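Asks: Position 314 of the sequence shown, counting from 1, maps to 314 under our numbering, and the rest follow consecutively.
Because the hints were derived from the structure by calculation, they are not lab data. Keep in mind it's a predicted model, so treat the numbers as computed, not measured. Even for Gly, the Cβ is constructed at its ideal location relative to N, Cα and C. Treat the hints with care, as some may be off.
Claimed, not checked - Straight-line distance between alpha carbons at most 20 angstroms, and here's what the computed PhoX-like set of lysine-lysine pairs gives:
1) 479 <-> 126
2) 523 <-> 148
3) 398 <-> 148
4) 28 <-> 358
5) 250 <-> 292
6) 523 <-> 497
7) 434 <-> 546
8) 418 <-> 463
9) 418 <-> 445
10) 287 <-> 247
11) 126 <-> 386
12) 148 <-> 192
13) 250 <-> 288
14) 445 <-> 434
15) 265 <-> 279
16) 141 <-> 550
17) 292 <-> 279
18) 192 <-> 141
19) 398 <-> 456
20) 126 <-> 389
21) 358 <-> 292
22) 386 <-> 397
What the hints assert, rightly or not - Label pairs and their calculated CB-CB ranges:
23) 98 <-> 39: 33 to 43 angstroms
24) 466 <-> 379: 51 to 61 angstroms
25) 224 <-> 141: 33 to 43 angstroms
26) 501 <-> 439: 18 to 28 angstroms
27) 303 <-> 417: 53 to 63 angstroms
28) 451 <-> 270: 40 to 50 angstroms
29) 35 <-> 141: 15 to 25 angstroms
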Amino acid sequence: MKKIFYLSALALLSFSANGQHLFKHSSKATKWVDSVYNSLTPDQRIAQLMVIRESSMDAKGRPIIYADSIKEYIKKYNIGGICLFQGTSAIQTQNINDFQQLAQTPLFTCIDGETGLGMRMEDVGKIPDQLTLGAMRNSEKFVYQIGKTIAEQCRRTGINVDYAPVVDINNNPKNPVIGYRSFGQDKYVVAKYGVAIMKGMQDNGVMACAKHFPGHGDVDVDSHLDLPVIHKSLESLDTLELYPFKKMFKAGVGSVMIAHLSIPKIDSTPHLASSLSPKFVTDLLRKKIGFKGISFTDALGMKGVAKFFPQGEIAVKSLEAGNDMLCLPEDIPVSIQKIETAINDGKLSWNDLEQRIKKVLYVKYNVGLYKIQNIDTAGISADLNKDIKSIRAEVAKKSLTAVALENNRFTPINTKQKIAYVAIGVKDSNAISKDMQELNASVFKLSYKASDNDAKVLLSQLKNGKFDKVIVGIHDFSKRPAHNFNMSEASINLMNKIVQSYPSAVAVVFGNPYAIANVSDYKNIIACYEDDDIFQQNAFDFLMGKTYAKGRLPVSVNTAMPYGTGILVKTK
1 MKKIFYLSAL ALLSFSANGQ HLFKHSSKAT KWVDSVYNSL TPDQRIAQLM VIRESSMDAK
61 GRPIIYADSI KEYIKKYNIG GICLFQGTSA IQTQNINDFQ QLAQTPLFTC IDGETGLGMR
121 MEDVGKIPDQ LTLGAMRNSE KFVYQIGKTI AEQCRRTGIN VDYAPVVDIN NNPKNPVIGY
181 RSFGQDKYVV AKYGVAIMKG MQDNGVMACA KHFPGHGDVD VDSHLDLPVI HKSLESLDTL
241 ELYPFKKMFK AGVGSVMIAH LSIPKIDSTP HLASSLSPKF VTDLLRKKIG FKGISFTDAL
301 GMKGVAKFFP QGEIAVKSLE AGNDMLCLPE DIPVSIQKIE TAINDGKLSW NDLEQRIKKV
361 LYVKYNVGLY KIQNIDTAGI SADLNKDIKS IRAEVAKKSL TAVALENNRF TPINTKQKIA
421 YVAIGVKDSN AISKDMQELN ASVFKLSYKA SDNDAKVLLS QLKNGKFDKV IVGIHDFSKR
481 PAHNFNMSEA SINLMNKIVQ SYPSAVAVVF GNPYAIANVS DYKNIIACYE DDDIFQQNAF
541 DFLMGKTYAK GRLPVSVNTA MPYGTGILVK TK
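Generate the whole structure from the sequences, applying the supplied hints.
Replies: This is the structure in structure tokens:
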């Protein structure tokens with residue numbers, strides 16, 4: 001069946017080179033922009049600067065699609081854009097069709113898709129986390145291809161803006177909100193991989209978004225819950241946090257997302273987030289750095305701003321700061337009314353807002369939104385998933401890291417030896433446990449809900465087993481550092497006692513590399529970064545000597561295992 005994509009042929013032209021095509025003022029574009037702008041009422045013009053939430057989850061984690069309320073906002077206010085979250089690809093694509101057909105002015109359709117559409121759509125597999133990509137050495141070309149795949153996914157569903165990549169430098173192990181979403185702690189890798197994935201997206205018709213300006217990596221508070229404070233000067237930020245953003249801007253990223261951060265050495269106004277501060281958006285981003293693309297606020301329902309100001313005031317302050325688009329304001333009618341009041345009071349001007357509205361409209365024209373066509377939903381899930389497994393397999397191979405090896409030598413499993421595999425965090429079976437069982441290895445499991453006594457019994461069995469090789473696989477722990485990645489005390493104690501009994505035991509960590517700190521006494525440590533069947537199979541192949549280790553730690557675990565650690569192990 002022929003697939004009908006809603007981007008026109010124009011949208012498939014490259015617009016990453018300095019981002020110029022996104023904002024091109026051709027005669028046709030200008031005619032369309034002026035015509036649209038002149039057709040809008042004041043409320044509708046203001047609403048063009050708003051992106052609203054299209055879906056969410058209920059208390060039980062089930063998707064809720066706000067289709068009826070979205071349609072009402074489209075009809076009444078001619079809203080500027082929607083942001084997709086939960087749901088299936090077929091449902092979301094049909095919603096996009098319906099919303100675009102209803103809209104007087106074409107909608108920006110946005111997604112927070114840092115790992116592709118699988119980050120949000122339940123029937124689509126995920127591209128590996130950015131921290132996993134950061135563990136790969138010298139892989140800009142491959143990362144570009146990942147960006148291309150994300151763009152192809154977006155175009156297939158009618159999405160034209162992806163709020164990605166994250167170019168925050170994660171240099172705080174306790175960061176509760178960035179962490180695995182970052183390429184790591186090295187500013188050069190963050191910049192190179194950020195530019196590569198952005199170009200892959202924008203060369204293929206989808207606008208990327210560098211986030212979270214001016215840098216959300218060195219915080220220990222989640223801005224969804226409160227306002228993080230960073231005690232750094234502009235000079236300090238300029239040497240580290242701002243570096244990837246400047247590289248992204250120079251390379252032509254079309255948009256940037258402004259974080260909710262308090263940095264008193266730049267703006268000491270109490271409780272005023274960077275997203276609401278002219279000193280950040282106008283003075284630093286626009287005037288000092290010279291960014292000319294679209295600036296989105298981070299979500300305006302987050303407590304980093306919503307804790308301190310009512311929604312209408314947040315909307316006004318966002319525009320006063322110099323932002324172009326308000327992301328997920330929670331009260332559209334009140335926000336529009338407060339913005340109109342601010343215009344009447346002279347706090348905002350129509351001349352200034354007209355420039356921002358027309359900037360948005362030029363981008364809409366240049367990504368092909370002047371011509372809307374329905375998207376065929378037949379076979380869409382298969383189309384979106386077609387490259388995911390191969391990407392995950394390649395990333396698994398390129399990222400696997402030999403963090404520590406006894407005597408700097410790797411000894412593969414000898415099937416003639418007596419082998420034990422201890423699967424920590426596993427209640428039933430997983431892929432690598434099954435592989436081990438097929439080798440006739442003894443497999444032990446300890447879930448994070450197991451008791452201290454359960455751990456003691458398992459340790460006793462290991463000691464009595466007199467194994468030649470013990471491999472400890474650490475699975476299914478949280479990606480976030482709170483409560484030691486939600487690992488139980490019993491499981492951590494067991495890890496430490498195993499290595500006391502078996503000093504040459506191998507620890508294989510399937511997840512956030514910061515968690516390696518829990519097994520730092522091991523002489524043999526392998527980092528695998530993710531915990532699905534594909535990454536487990538690759539780890540098993542490595543343990544069998546069938547594949548290589550050529551990754552490197554994207555962050556510092558401790559002084560003994562700094563950023564970049566990784567012993568190269570070749571296939572025999």
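Asks: Could you run down the list of hints and mark each one as holding or not?
Replies: Status of the hints after comparison with the structure:
1. Distance check on the hinted pair: residue 479 and residue 126 sit about 15 angstroms apart at the alpha-carbon level, within 20 angstroms; holds.
2. With a C-alpha separation of about 40 angstroms, the suggested pair residue 523 and residue 148 falls outside the 20 angstroms cut-off, and the hint is violated.
3. A distance of roughly 19 angstroms separates the Cα atoms of residue 398 and residue 148; the hinted pair therefore holds under the 20 angstroms criterion.
4. Only pairs whose Cα atoms come within 20 angstroms are accepted, and residue 28 paired with residue 358 is accepted, the gap being roughly 14 angstroms.
5. Under the criterion of a C-alpha separation no larger than 20 angstroms, the hint pairing residue 250 with residue 292 is consistent with the structure, at around 11 angstroms.
6. Restraint check for residue 523 and residue 497: the C-alpha separation of about 14 angstroms stays at or below 20 angstroms, so the hint holds.
7. Our distance criterion of 20 angstroms between C-alpha atoms is met by residue 434 and residue 546, whose separation comes to about 17 angstroms.
8. At roughly 13 angstroms between alpha-carbon atoms, residue 418 and residue 463 fall within 20 angstroms of each other, so this suggested pair holds.
9. Of the pairs offered as hints, the one joining residue 418 and residue 445 holds, with about 17 angstroms between alpha carbons and a cut-off of 20 angstroms not exceeded.
10. A C-alpha spacing of about 16 angstroms is found between residue 287 and residue 247, which places the hinted pair at or below 20 angstroms, so the restraint holds.
11. With a CA separation close to 12 angstroms, the supplied pair residue 126 and residue 386 stays within the 20 angstroms bound.
12. Restraint check for residue 148 and residue 192: satisfied, since their Cα atoms lie roughly 16 angstroms apart, inside the 20 angstroms limit.
13. The hinted pair formed by residue 250 and residue 288 meets the criterion: a straight-line CA distance of about 14 angstroms does not exceed 20 angstroms.
14. For the hint linking residue 445 to residue 434, the alpha-carbon distance of about 12 angstroms falls within 20 angstroms, and the restraint holds.
15. Straight-line distance between C-alpha atoms of residue 265 and residue 279 comes to about 11 angstroms, which keeps the hinted pair within the 20 angstroms bound.
16. Straight-line distance between C-alpha atoms of residue 141 and residue 550 comes to about 17 angstroms, which keeps the hinted pair within the 20 angstroms bound.
17. Only pairs whose Cα atoms come within 20 angstroms are accepted, and residue 292 paired with residue 279 is accepted, the gap being roughly 16 angstroms.
18. For the hint pairing residue 192 with residue 141, the CA-to-CA distance comes to about 10 angstroms; that is within 20 angstroms, so the pair holds.
19. Restraint check: the Cα-Cα separation between residue 398 and residue 456 comes to about 37 angstroms, which exceeds 20 angstroms; the hinted pair is violated.
20. Proximity of residue 126 to residue 389 is assessed by CA-CA distance (about 9 angstroms); at most 20 angstroms being required, the pair is judged to hold.
21. This hinted pair checks out: residue 358 and residue 292 have alpha carbons roughly 13 angstroms apart, not beyond 20 angstroms.
22. Taking the CA atoms of residue 386 and residue 397, the gap is near 19 angstroms; set against the 20 angstroms cutoff, the hint holds.
23. About 22 angstroms separates the C-beta atoms of residue 98 and residue 39, a value inconsistent with the hinted range of 33 to 43 angstroms.
24. Separated by about 55 angstroms at the C-beta atoms, residue 466 and residue 379 satisfy the suggested range of 51 to 61 angstroms.
25. Here the CB-CB span from residue 224 to residue 141 is close to 35 angstroms, well matched to the stated 33 to 43 angstroms.
26. At about 21 angstroms, the beta-carbon gap between residue 501 and residue 439 stays in the expected band of 18 to 28 angstroms.
27. A beta carbon spacing of about 54 angstroms between residue 303 and residue 417 agrees with the range 53 to 63 angstroms that was offered as a hint.
28. Hint check: residue 451 to residue 270, Cβ distance near 48 angstroms, so the stated range 40 to 50 angstroms holds.
29. For residue 35 paired with residue 141, a C-beta distance near 42 angstroms fails the hint of 15 to 25 angstroms.
When held up to the earlier numbered hints, the structure conflicts with 2, 19, 23 and 29 and fits the remainder.
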